[in-house]
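**Q** Chains A and B, in that order, give the protein sequences. With my numbering applied, the first sequence covers 74 to 223. With my numbering applied, the second sequence covers 74 to 223.
Just so you know, these hints were derived from the structure itself, not from any lab. Certain hints may be false.
Where chains are identical, the list cannot tell them apart; a pair therefore holds if satisfied intra-copy or between any two copies.
[As the list claims (entries may be wrong)] Subject to a maximum C-alpha distance of 16 Å in a straight line, what follows is the list of computed EDC-like cross-link-like pairs (lysine to aspartate or glutamate): (1) K195 x E176; (2) K161 x E118; (3) K195 x D174; (4) K188 x D174; (5) K195 x E177; (6) K185 x E108; (7) K188 x E176; (8) K188 x D151; (9) K185 x E104; (10) K195 x D151; (11) K161 x E101; (12) K195 x E121; (13) K161 x D151.
Since this is a predicted model, take the numbers as computed values, not measurements.
Number of protein chains: 2
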Amino acid sequence: MSQESGARVAAVVTAIDHVGIAVPDLDEAIEFYQETYGLVVAAVEVNEEQGVREAMLRVPGDDGTGTAIQLLAPLTPDSTIGRFLAKKGPGLQQLAYRVADIEETSEALRAKGLKVVFDEPKHGTQNSRTQFVHPKSTGGVLVEFVQPAD
Amino acid sequence: MSQESGARVAAVVTAIDHVGIAVPDLDEAIEFYQETYGLVVAAVEVNEEQGVREAMLRVPGDDGTGTAIQLLAPLTPDSTIGRFLAKKGPGLQQLAYRVADIEETSEALRAKGLKVVFDEPKHGTQNSRTQFVHPKSTGGVLVEFVQPAD
Ligand SMILES: [Co+2]
Ligand SMILES: [Co+2]
Chain A
74 MSQESGARVA AVVTAIDHVG IAVPDLDEAI EFYQETYGLV VAAVEVNEEQ GVREAMLRVP
134 GDDGTGTAIQ LLAPLTPDST IGRFLAKKGP GLQQLAYRVA DIEETSEALR AKGLKVVFDE
194 PKHGTQNSRT QFVHPKSTGG VLVEFVQPAD
Chain B
74 MSQESGARVA AVVTAIDHVG IAVPDLDEAI EFYQETYGLV VAAVEVNEEQ GVREAMLRVP
134 GDDGTGTAIQ LLAPLTPDST IGRFLAKKGP GLQQLAYRVA DIEETSEALR AKGLKVVFDE
194 PKHGTQNSRT QFVHPKSTGG VLVEFVQPAD
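Could you build all of it, start to finish, from the sequences and the hints given here?
**A** In structure tokens, the structure reads:
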């Protein structure tokens, strides 16, 4: 890609950050992912604002630079994940890309005409900052952008 | 995890290999992923047996050890991806884990009671060998296992 076309890229993605999977019961799902795939739990936390209890799982030896599996369980039925489970059942829910600057990314995506969800980036997993793009703008994929904590 | 519980892991996953996304038009999708996310095309190929034209895209600088985005377009409406698009529309379709030994993995998954799709592993992208596990066995996720080419 030439520098000129590179300059038109909306989001300078540095990694596939994680794949988010909706699950009805977080503890059961964690056990399944450990026993079936040998994944290792890197973090478990509650995000009240987003109505979710979640876990980040990684391949053994991944220091955090690789791609994680994010298991997402609803705190309430009317949360985003609660409604996803009711409508579509458990399964793949989101795809998250890592970026260095979430503000710049949000603006560039808006400038490109994509439907960016939050007015301002929000607090995400492990003190990251996070933004979403609506599936209508991305070919049916709920896309998240994550700027990791410093 | 103790060595004892490690011994009960069905699939010794070494990486999140790729995330598969169903798209109606491969060339349009490739252009979107390049221009929006800055991803780079690592391979484009046709798999007649699986009825798919597909592309592997990577984050710039990923030499193949990282996680790829696999864009999957149907060759015919009655292919797996064609039927997925008709039923669910474009979007996240599969999650693929990398393993060192696809035969051993298939057997261990069967022994654990998971619904493994192919009797024998099949030819996959970039001369890999591939196996699938039915979403009913995995919490709603179509899971693929990939043994890369030597
Ligand atoms: Co996420
Ligand atoms: Co695949």
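**Q** Give me the numbers of the hints this structure contradicts, sorted from smallest to largest.
**A** Per hint list: 2, 4, 8, 10 and 11 violated.
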